[in-house]
Amino acid sequence: MSSAVTAILYAPGTNCHEETAAALERAGGRSELVLLHDLLEGALKLSRYQAAIIPGGFSYGDHLGAGRVFATVLVAQLREQLTEFLEAAKPMLGVCNGFQVLTEAGILPGRAPGGHGAALIENESSRFEDRMVRLLVSEESSPWTAGLSCRVLQMPSAHGEGRLLSDRVGPDCEGRVVFRYADSDGRATEAYPENPSGAPGGVAGIADRTGLVLGLMPHPERASLPVHESQDGLELFRNLTRWLRSP
Amino acid sequence: MAIFAIYTVSRDDAEARNWLGFLRRHGCPALSDLAIERVFWLEGALDVRSLLPLVVNPLYQTAAEHSMLDPGRGPIVEIVYRPAVTDPETPSILTGARALGQSGLEFARLSRRYQFAGLSRAEAHKAASRFLYNPVVQRVREPDEVWGTLRPSGQPDPVRSVTLAGLDDEALSALSRERSWYAPLAQMKVIQAHEAARGRAHTDAEIEILVQSWSDHCYHTTWKSLGLLKRLSQATAAINHPLVVSAFKDNAGGMEFYDGWVVTIKGETHNFPTAIAPFGGISTKHGGVIRDTLGFGKGAYPIGGSTVMGTMDPRLADADLPAGALHPRLIVSESIRGTAYYVNPMGIPMLHPVYRIHPGYAKCFALGHSIGLIPREYALKETPHPGDVALLIGGDTGRDGIHGATASSASMTGETLARESAAVQIGHPITERKFATAIPVLRDAGLIRSITDLGAGGISSAAGEMGAETGVGLDLDRVPLKDRSLAAWEILLSESQERMLLAMAPERVAEAEAILDRFEVAHTAIGHFSDSGRFQAAWRGQEVVDVEMSFLWSACPIEPTPVAEPERRLEPLHLPMVETREEWSRAIHGVLGHFHCADQSVAGARFDSTVQGRTVVGPYGGKNHRMPTNIAASAPLRGKPYGLVTTVAFNPFYGDIDPAAMARMMVIEAITKAVVAGVDYREMVLCDNFYTPRLRPEVAWDLKEMVAAVADLSLKIGVPFISGKDSSSGTFESAGRRIDVPPTLAVATMGRVPDVSRIVTKEFKRAGNKLVLVGVMDAGMLGGTVYADSHGQRGDRLFEVEDVGLILRHWDALLEFHKRGAYLSGSAIAEGGLALRLFEGCYGSGLGAKVDLVTPMLLFGELIGSALVEMTIDDESEWRSQSVPAGVHCRVLGEVTSEPRLVLADDARVLWQEDISSLAESWSATFREVVG
Numbered sequence: 001m002s003s004a005v006t007a008i009l010y011a012p013g014t015n016c017h018e019e020t021a022a023a024l025e026r027a028g029g030r031s032e033l034v035l036l037h038d039l040l041e042g043a044l045k046l047s048r049y050q051a052a053i054i055p056g057g058f059s060y061g062d063h064l065g066a067g068r069v070f071a072t073v074l075v076a077q078l079r080e081q082l083t084e085f086l087e088a089a090k091p092m093l094g095v096c097n098g099f100q101v102l103t104e105a106g107i108l109p110g111r112a113p114g115g116h117g118a119a120l121i122e123n124e125s126s127r128f129e130d131r132m133v134r135l136l137v138s139e140e141s142s143p144w145t146a147g148l149s150c151r152v153l154q155m156p157s158a159h160g161e162g163r164l165l166s167d168r169v170g171p172d173c174e175g176r177v178v179f180r181y182a183d184s185d186g187r188a189t190e191a192y193p194e195n196p197s198g199a200p201g202g203v204a205g206i207a208d209r210t211g212l213v214l215g216l217m218p219h220p221e222r223a224s225l226p227v228h229e230s231q232d233g234l235e236l237f238r239n240l241t242r243w244l245r246s247p
Numbered sequence: 001m002a003i004f005a006i007y008t009v010s011r012d013d014a015e016a017r018n019w020l021g022f023l024r025r026h027g028c029p030a031l032s033d034l035a036i037e038r039v040f041w042l043e044g045a046l047d048v049r050s051l052l053p054l055v056v057n058p059l060y061q062t063a064a065e066h067s068m069l070d071p072g073r074g075p076i077v078e079i080v081y082r083p084a085v086t087d088p089e090t091p092s093i094l095t096g097a098r099a100l101g102q103s104g105l106e107f108a109r110l111s112r113r114y115q116f117a118g119l120s121r122a123e124a125h126k127a128a129s130r131f132l133y134n135p136v137v138q139r140v141r142e143p144d145e146v147w148g149t150l151r152p153s154g155q156p157d158p159v160r161s162v163t164l165a166g167l168d169d170e171a172l173s174a175l176s177r178e179r180s181w182y183a184p185l186a187q188m189k190v191i192q193a194h195e196a197a198r199g200r201a202h203t204d205a206e207i208e209i210l211v212q213s214w215s216d217h218c219y220h221t222t223w224k225s226l227g228l229l230k231r232l233s234q235a236t237a238a239i240n241h242p243l244v245v246s247a248f249k250d251n252a253g254g255m256e257f258y259d260g261w262v263v264t265i266k267g268e269t270h271n272f273p274t275a276i277a278p279f280g281g282i283s284t285k286h287g288g289v290i291r292d293t294l295g296f297g298k299g300a301y302p303i304g305g306s307t308v309m310g311t312m313d314p315r316l317a318d319a320d321l322p323a324g325a326l327h328p329r330l331i332v333s334e335s336i337r338g339t340a341y342y343v344n345p346m347g348i349p350m351l352h353p354v355y356r357i358h359p360g361y362a363k364c365f366a367l368g369h370s371i372g373l374i375p376r377e378y379a380l381k382e383t384p385h386p387g388d389v390a391l392l393i394g395g396d397t398g399r400d401g402i403h404g405a406t407a408s409s410a411s412m413t414g415e416t417l418a419r420e421s422a423a424v425q426i427g428h429p430i431t432e433r434k435f436a437t438a439i440p441v442l443r444d445a446g447l448i449r450s451i452t453d454l455g456a457g458g459i460s461s462a463a464g465e466m467g468a469e470t471g472v473g474l475d476l477d478r479v480p481l482k483d484r485s486l487a488a489w490e491i492l493l494s495e496s497q498e499r500m501l502l503a504m505a506p507e508r509v510a511e512a513e514a515i516l517d518r519f520e521v522a523h524t525a526i527g528h529f530s531d532s533g534r535f536q537a538a539w540r541g542q543e544v545v546d547v548e549m550s551f552l553w554s555a556c557p558i559e560p561t562p563v564a565e566p567e568r569r570l571e572p573l574h575l576p577m578v579e580t581r582e583e584w585s586r587a588i589h590g591v592l593g594h595f596h597c598a599d600q601s602v603a604g605a606r607f608d609s610t611v612q613g614r615t616v617v618g619p620y621g622g623k624n625h626r627m628p629t630n631i632a633a634s635a636p637l638r639g640k641p642y643g644l645v646t647t648v649a650f651n652p653f654y655g656d657i658d659p660a661a662m663a664r665m666m667v668i669e670a671i672t673k674a675v676v677a678g679v680d681y682r683e684m685v686l687c688d689n690f691y692t693p694r695l696r697p698e699v700a701w702d703l704k705e706m707v708a709a710v711a712d713l714s715l716k717i718g719v720p721f722i723s724g725k726d727s728s729s730g731t732f733e734s735a736g737r738r739i740d741v742p743p744t745l746a747v748a749t750m751g752r753v754p755d756v757s758r759i760v761t762k763e764f765k766r767a768g769n770k771l772v773l774v775g776v777m778d779a780g781m782l783g784g785t786v787y788a789d790s791h792g793q794r795g796d797r798l799f800e801v802e803d804v805g806l807i808l809r810h811w812d813a814l815l816e817f818h819k820r821g822a823y824l825s826g827s828a829i830a831e832g833g834l835a836l837r838l839f840e841g842c843y844g845s846g847l848g849a850k851v852d853l854v855t856p857m858l859l860f861g862e863l864i865g866s867a868l869v870e871m872t873i874d875d876e877s878e879w880r881s882q883s884v885p886a887g888v889h890c891r892v893l894g895e896v897t898s899e900p901r902l903v904l905a906d907d908a909r910v911l912w913q914e915d916i917s918s919l920a921e922s923w924s925a926t927f928r929e930v931v932g
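Residue numbers (my numbering), protein chains in the order written: chain A, 1 to 247; chain B, 1 to 932.
Errors might be hidden in some of the hints.
Claimed, not checked - Partial selection, computed: residues in chain B whose CB lies under 10 Å from chain A: (1) 58; (2) 618; (3) 643; (4) 819.
No wet-lab data here; the hints were simulated from the structure. Positions of the beta carbon are idealized from the N, C-alpha and C atoms, including for glycine.
Whenever a hint applies, use it, and build me the whole structure from the sequences.
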């Protein structure tokens, strides 16, 4: 068990925080559920934590745009803490709604709170899509995917707004593609339903240039326990605990 | 105060694209394009530009001070919330603005401007009023309209007294109708006598409370008059099952799980609202049944749910639609949208999405279940103590949903649609999600004495029931309103969603309020429980309600219901011979493509099935995750192997032939589905939902027969009902025509297993394994089957195994086989018979099957209580003598093959064969065509 503690940051409408904590615990990590309200009130500080995860859900009802209000609050009221957290080279993960929060906040792809380098817009089908998906892991280096390059991971995906819109993600850009939806042969795909959102290039997850900040639409925490159909998602949480343990 | 506007448009607007397709399918073929512009109306002293990060993402959205729509492209309809109503987004806008340092923003509204290219102005307004807004809470903003203020405004009506003195029967009935009370004459007379006895007229609020509390929806008058209400609970009491924690007395039923936890189940229908306004009706159905879980004991947490729909055939020709009814195509697609809208943000996995059809469902069947989890020590609520605070939490109270309880208890006519759509509201899941997170925290801190949801009847019903044994005094001025124009009786009766009422010791309230503040849940103490034995409420310095609880809860007249055996005009089946390969093909494609058998994943995939990380078997499985599993299994306690398994049985065809047999068969089907998966029926409970036409002597007969049938069966098999609900208003009248729903019973089971990894699923596992039918098959009848329905026939006899001992022997045999790991896949037979199960087993595995089934009776018979299992058998006679218990029917039908093909063979002669991929085309086309 590592002594490093990961903050699982949740707001009104977040609904995947408990299973995210369970996944991290199974991977040997320690976490605390941190209510956004307590950061805003000053009862807790982000600097206490060595890593942060923003889980899935519908924060603030996804009013005004998925992740928009959560991101606005983070950037406007916690910008200093966020910047300090990023500058300390601490890892961050955004899953589903958490990924939407990170892009809306400008943390992905540019590590620039308040910037706009990517957006996750409504699926091509204009529907919520609940599917088991395959993810092809790219060769980009990220502590979250260490040792997973070129592997195909299976995990559930469930969202209505997951189509990545960005011209700042790719080779020589500030953002890197880490996960692509894959077909049954393990090749990246734009085809529905293997790519449930219709994201161009099949992009399902991206990281910043350091690889420390990762966002993905599918849910690794729902593929992390022995009772789950796949346990591939556990690898991400294991990588986090390894990284936090490494000197 | 100054009012600013920010107009925003989105590039690549999927919502606009979605509505364009929808409106073109639903009455606007001329619509060539649809654009949506959103307008933020902001009042206060503020720097508007600083709000831009909140209202647009510049990557795909543009903001401007003026409209960006070109007026030449088509008529524009702008929809806003009514002046007295708060927008659902307002709190989020205020939160975001405060974060951006704009505390000067006093109020905000969000309007939507729809531009309809290709439609006339009148057509555009018609389309908007049909689908794009709810006139109870929203309206069209005129183009030249200037806002005075955005803040909610309006004046309430004063309290009025309503005297019934001197009114004759006719006048009483007329008044009941005019006021939308829907109270039968006998009730009106009791109220009239009460007025005379106490010597003063009732206030409008008092009468509203009485008729609402006595509505069939709340008081179950129909069931009481037939003596049915106690029937199931008495059977349950007689079974005295050791796992039952709470049956028929709380908002849900509770069963002992493991390690000090209790699991709960509740099924709730919302038929009337869904029939007249499906999106709102279905979303509030889910909101309501989820609150039943939150309101179980001292607050359970919802961990799963269902949506079970019965409608007319969505492929119905427009000309055949009963006047005044919504088209079933619209009801189905809007109900799917409503379920996704509400359940996904709640973060509750959808376990059983089920869609069925019957021509009688002009007033549709809209059922939802909610499954919950709670520590044993909090599973029983307490009675409030005198002096306890009545704490109202959640959303504000509005004009929405008034008269829902009384209106839904009445039958429905073509005119009801227009008049009572006011009873339907749109839910706001974020509000419910917030208190769903907070309630377990309050509970575990020991702060909750009692808790219940506000559903039908609103504050009146919740406070009246919670304070029934003590008394309650409410201060209605304290109730937070989203509509300033509500009169006192409307505050009491409003069915605004997303509210709960808690009873709490006064010295603990401050602690509770601090927790609720952290989770951003609004809360208000609206009164106290008392020892007065009276329901009292004050408003604006006036006493508006003062009624004895004893009168409220025991004076409702229960009129005897005449009962008469119905004459069923049933015709025997005349089905064509099936001999040639073409005839076999037609028959099999007809069954696989039947609405009840077809692939419904295009609907189910819109609902999150894996959130919470507890799901082990979701609604779809197999190789490509589209095979229906017919069961749901989850692991409620993280890190523990314990499994919770639920199943649902709902067949609208059988009831046409024999309601009592149908009712028994639903129980048997639901249990068999779980038993095959490996769940012991001795560790299982049941939940019932009845839906019958408006009461007539013949309907009363059917209802009594159905309830007696399942009560008796439940006793015989020892599996208790612990929760249920009835609706006796399934009648639609229009243009002199009466359409009755078929006698309907949906049964759900909830069972526990010590090791969820041992659950057996349906897809075949290995070529060469034998396919074995466990159960009776020889006496097959085709009445009520999907196969008969695919020929437009119903028939006159059901296939029912009446020997309960035989059913129990087969369940025991299956459980023994399961214990020994003797079968690798398994599924209970239901609609579509063996044909559907064989196809699904192949489709879900990529394998095939070759079976010796040579008549339609064998292939399509719906052998309720039987199961198809896959076993490794080397020597059949040795297996039979060593493994099959006496009195248990097992028949080897054939085997799993590696070739993905279904083959029917008579010994070596192949009668018919076809590739699974080509069968899958018929199977997957039907539902997709309906919902687009």
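Evaluated hints:
1. Against a cut-off of 10 Å between C-beta atoms, the interface hint on residue 58 of chain B holds, since the closest Cβ of chain A lies about 5 Å away.
2. Look at residue 618 of chain B: its Cβ gets to within about 9 Å of chain A, closer than 10 Å, so that hint holds up.
3. Annotation: residue 643 of chain B was flagged as interfacial toward chain A, and the flag holds, the nearest CB pair being 8 Å apart, inside 10 Å.
4. Of the supplied interface hints, the one on residue 819 of chain B is violated, with its beta-carbon coming no nearer than about 20 Å to a beta-carbon of chain A, more than 10 Å.
Checked against the numbered hints above, the structure violates only hint 4.
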